[in-house]
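Novice: Read off the chains here:
Number of protein chains: 2
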Amino acid sequence: MKNNLLDIPVLSSADSHFTRQLEGRLDRRMLVDSKVTNAVAEILAAVRSRGDAAVLEYTKKFDHRDAGSLKDLVISRDQLQMALDRLPESDSVALRHAAERIRAYHEKQKQSSWHYQEADGSVYGQKILPLEKVGIYVPGGKASYPSSMLMLGIPAQVAGVQNITATVPTAFDPDNAGSNLVCAAAALAGVSQMITIGGAQAIAAMAYGTETIQRVDKITGPGNIYVTVAKRMVFGEVGIDMVAGPSELTVICDGGTNPDWIAMDLFSQAEHDEQAQSILISPDRKYLELVLASINKLLPAMERQEIIRASMENRGMLIHVASLDEAVQISNSIAPEHLELSVADPESLLAKVENAGAVFLGRFTAEALGDYCAGPSHVLPTSGTARFFSALGVYDFQKRSSIISCSPVGAHRLVRTAATLARRESLTAHAKSAEYRLQDLD
Amino acid sequence: MKNNLLDIPVLSSADSHFTRQLEGRLDRRMLVDSKVTNAVAEILAAVRSRGDAAVLEYTKKFDHRDAGSLKDLVISRDQLQMALDRLPESDSVALRHAAERIRAYHEKQKQSSWHYQEADGSVYGQKILPLEKVGIYVPGGKASYPSSMLMLGIPAQVAGVQNITATVPTAFDPDNAGSNLVCAAAALAGVSQMITIGGAQAIAAMAYGTETIQRVDKITGPGNIYVTVAKRMVFGEVGIDMVAGPSELTVICDGGTNPDWIAMDLFSQAEHDEQAQSILISPDRKYLELVLASINKLLPAMERQEIIRASMENRGMLIHVASLDEAVQISNSIAPEHLELSVADPESLLAKVENAGAVFLGRFTAEALGDYCAGPSHVLPTSGTARFFSALGVYDFQKRSSIISCSPVGAHRLVRTAATLARRESLTAHAKSAEYRLQDLD
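Read top to bottom, the protein sequences are chains A and B. If you read the first sequence in numbering that gives the first Met the number 0, its first letter stands for residue 0, the second for the next number, and so on. If you read the second sequence in numbering that gives the first Met the number 0, its first letter stands for residue 0, the second for the next number, and so on.
There may be inaccurate statements among the hints.
Copies of the same chain look alike in the list, so a pair counts if it works inside one copy or between any two.
As the list claims (entries may be wrong) - The calculated DMTMM-like cross-link candidates involving lysine to aspartate or glutamate, where the alpha carbons are at most 25 Å apart (straight line), are: (1) Lys107 - Glu353; (2) Lys132 - Glu22; (3) Lys141 - Glu302; (4) Lys109 - Glu353; (5) Lys132 - Asp26; (6) Lys34 - Glu236; (7) Lys296 - Asp253.
Simulated from the structure, these hints should not be mistaken for laboratory data.
Whenever a hint applies, use it, and build me the whole structure from the sequences.
Specialist: Below, the structure is given as structure tokens:
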């Protein structure tokens with residue numbers, strides 16, 4: 000039976016090789032195979048020059064779907080609404096509950112224009128507007144992800160985006176419950192049109208526009224390595240949300256949570272794919288052994304046990320530390336996408352958390368609740384990028400313009416400063432442009 | 000004398016070729032020469048593998064400066080402070096005035112953590128923190144830009160960033176007023192260390208770290224094409240603010256502003272470099288002629304007249320439109336970095352503005368005032384990217400983590416929804432992870 004036990008390393012922060020072991024296992028190098036880069040560059044160029052025809056060819060080649068026209072792959076707003084209307088009761092209740100909660104949370108994130116007036120009558124501020132056209136890439140392939148449709152679409156909808164294009168790589172099948180649920184989610188999220196295409200060709204179509212697909216201003220949503228590389232390549236011509244890698248979870252536990260719960264949380268992360276990463280950190284060595292026992296006990300009953308096993312053996316870790324404080328320090332260096340603080344006093348640990356996409360506090364807050372319906376988006380920074388990327392939010396779908404309105408007196412007060420600095424920068428036309436405004440006042 | 004007149008096109012929106020003419024002149028294709036891409040890739044790889052030594056080699060090769068050690072190019076916090084303390088009175092007054100105003104504006108942008116509690120005791124929110132380490136790239140070369148140091152550094156400082164690394168391509172010269180002013184600006188902006196390097200090698204050093212330069216979490220600031228390409232290439236391993244191109248200004252004028260003022264505003268944009276773009280839109284055809292006359296009258300007295308002439312002839316435009324409303328529509332399609340509304344009622348036009356980095360309202364608000372001391376950052380989206388990028392702000396130096404804290408009852412209320420959706424996505428470990436939390440409650 001020994002051979003069936005999971006081979007997952009147990010590290011100790013007291014080990015002199017610990018940092019090296021941790022970094023090796025995190026594997027944060029963003030090395031992209033030049034074959035992938037070249038393939039993506041070719042797809043982008045083809046879609047840019049040949050539009051619909053190129054998108055159809057790649058959809059046939061990679062997704063094995065043959066459509067006569069790209070228009071056949073467009074699911075209209077009416078069709079999305081129809082899927083929502085026809086949803087089975089239990090699906091409808093769950094989807095609407097999740098959508099309502101996600102919407103309520105994001106309403107709190109919405110930013111509004113602001114300004115202030117100075118005594119001389121000058122006004123300064125910022126005008127904040129929704130983006131006009133956005134694209135959301137909902138991953139898929141083997142399964143459908145209605146939750147991702149909600150998590151990407153609702154923040155855009157709350158921002159006030161009027162034109163939301165969604166792409167999903169999976170063919171629409173009206174007899175498939177998951178497929179209908181994705182469409183229904185799109186309807187709830189205010190998606191204008193959904194197109195059943197994926198990969199780099201979907202990113203190219205949204206970035207450049209084709210005969211059938213309108214060019215968007217920003218593309219959001221995670222995908223496989225081709226999608227990620229394509230998003231990086233089009234960045235600058237369109238906005239993108241972030242550069243995403245495999246999903247990950249770090250759990251800090253004081254030893255007081257039912258080990259089966261934690262094992263299942265680690266599985267929930269690992270079942271995504273073989274490169275997903277599940278990490279447990281605890282100051283209680285005995286507890287790590289208990290969780291390991293739970294892992295081995297529960298694994299055989301898991302439907303996706305092959306993926307879970309591969310993921311846990313490839314990238315999983317159990318880490319023994321001296322204290323909860325040290326656990327947070329290590330977590331800050333990991334900068335995990337998801338961080339569970341499964342401890343008696345999560346608030347005091349939260350105060351020390353610096354880098355994490357989302358933090359789940361307390362023993363009852365399973366990370367999976369956040370994946371579906373707690374409220375915040377599950378589109379989060381991965382691979383240590385929580386050091387600088389943030390959870391997807393309404394702010395990602397808003398643009399901000401500075402507002403400057405100088406009264407004659409207000410302008411007068413700024414001229415000398417502007418002109419002095421401009422001349423030090425050898426920009427004399429700048430200086431004169433400011434000084435000309437004095438003519439009418441003097 | 001005819002040959003000395005500026006050759007700047009006057010377009011009319013009534014012309015059937017207008018859109019094509021406008022788009023041709025805007026030239027929004029982001030086509031980067033593969034020679035540049037390859038050169039940058041080589042620099043990035045060299046700095047990643049050989050650190051300080053590679054940075055020194057490229058600084059010698061491109062900037063013609065030969066340092067024995069990269070440490071010789073580091074200006075410490077103490078040296079920056081010394082430059083500030085020794086500043087001539089008029090420079091000091093101007094710099095401090097600008098810094099104060101920029102700080103006051105950005106204080107209003109700072110976002111704080113927020114949360115709300117539901118009736119069942121669950122708490123949701125967002126923890127907002129400053130980034131830990133940021134890099135600011137202050138462009139230079141021929142001139143020094145203390146204003147850019149303030150505009151990049153102060154938003155980071157207001158956000159609470161503790162470790163700010165600034166790079167400037169220009170050698171530090173204690174006998175040069177501009178050089179001292181850049182150092183003094185760095186001191187006021189809370190810069191931790193300044194390094195006199197530039198180009199792709201500076202971006203690489205900040206993105207990967209070297210023996211002397213600490214790796215940063217995010218790099219902000221505009222630069223030449225090598226800097227821009229380098230920023231795009233390191234994006235994902237570090238954050239970046241935006242992808243910047245040449246600077247531009249669009250002025251909408253109703254014909255009521257002194258034509259000399261507008262001519263000088265267009266010059267102030269054009270004097271940046273040969274690829275800068277100055278556009279004037281007016282419904283008053285006579286006024287366009289008056290401004291053209293002012294341009295030709297004033298140009299010979301400009302110190303940077305060669306650059307201004309090249310820029311205006313390469314990329315400048317005067318556009319005649321039917322109405323101010325049409326002027327705003329065209330401006331929205333341009334999505335200019337800077338937009339002047341030099342009209343009698345700028346507020347009513349502002350309501351129709353959708354895409355612009357910064358908007359300058361009224362006849363007295365010269366764009367140059369915003370470049371130095373009005374308050375908002377002059378680091379703004381260019382080349383039409385105001386459709387999705389925003390003015391640099393405090394938010395660029397903050398990171399946001401979602402907070403989810405479910406009470407036992409709160410978790411219970413979410414479990415069925417999460418489990419239903421998870422099973423539809425074939426993610427059964429997710430479903431079970433949520434359901435396990437019910438065990439203690441049932």
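Novice: Against each hint, give a clear statement of whether it holds in the structure.
Specialist: For each hint, the structure was consulted:
1. Lys107 - Glu353: Classified as both: same-chain Cα gap 22 Å, cross-chain 23 Å, threshold 25 Å.
2. Lys132 - Glu22: between (40 Å within a copy, 20 Å between copies)
3. Lys141 - Glu302: within (15 Å within a copy, 65 Å between copies)
4. Lys109 - Glu353: For Lys109 and Glu353, both the intra-copy (23 Å) and inter-copy (18 Å) Cα distances are at most 25 Å.
5. Lys132 - Asp26: between (36 Å within a copy, 21 Å between copies)
6. Lys34 - Glu236: The answer is both: 23 Å in one copy and 20 Å across copies each meet 25 Å.
7. Lys296 - Asp253: Answer is within: at 21 Å inside a copy they meet the 25 Å cutoff, but 77 Å across does not.
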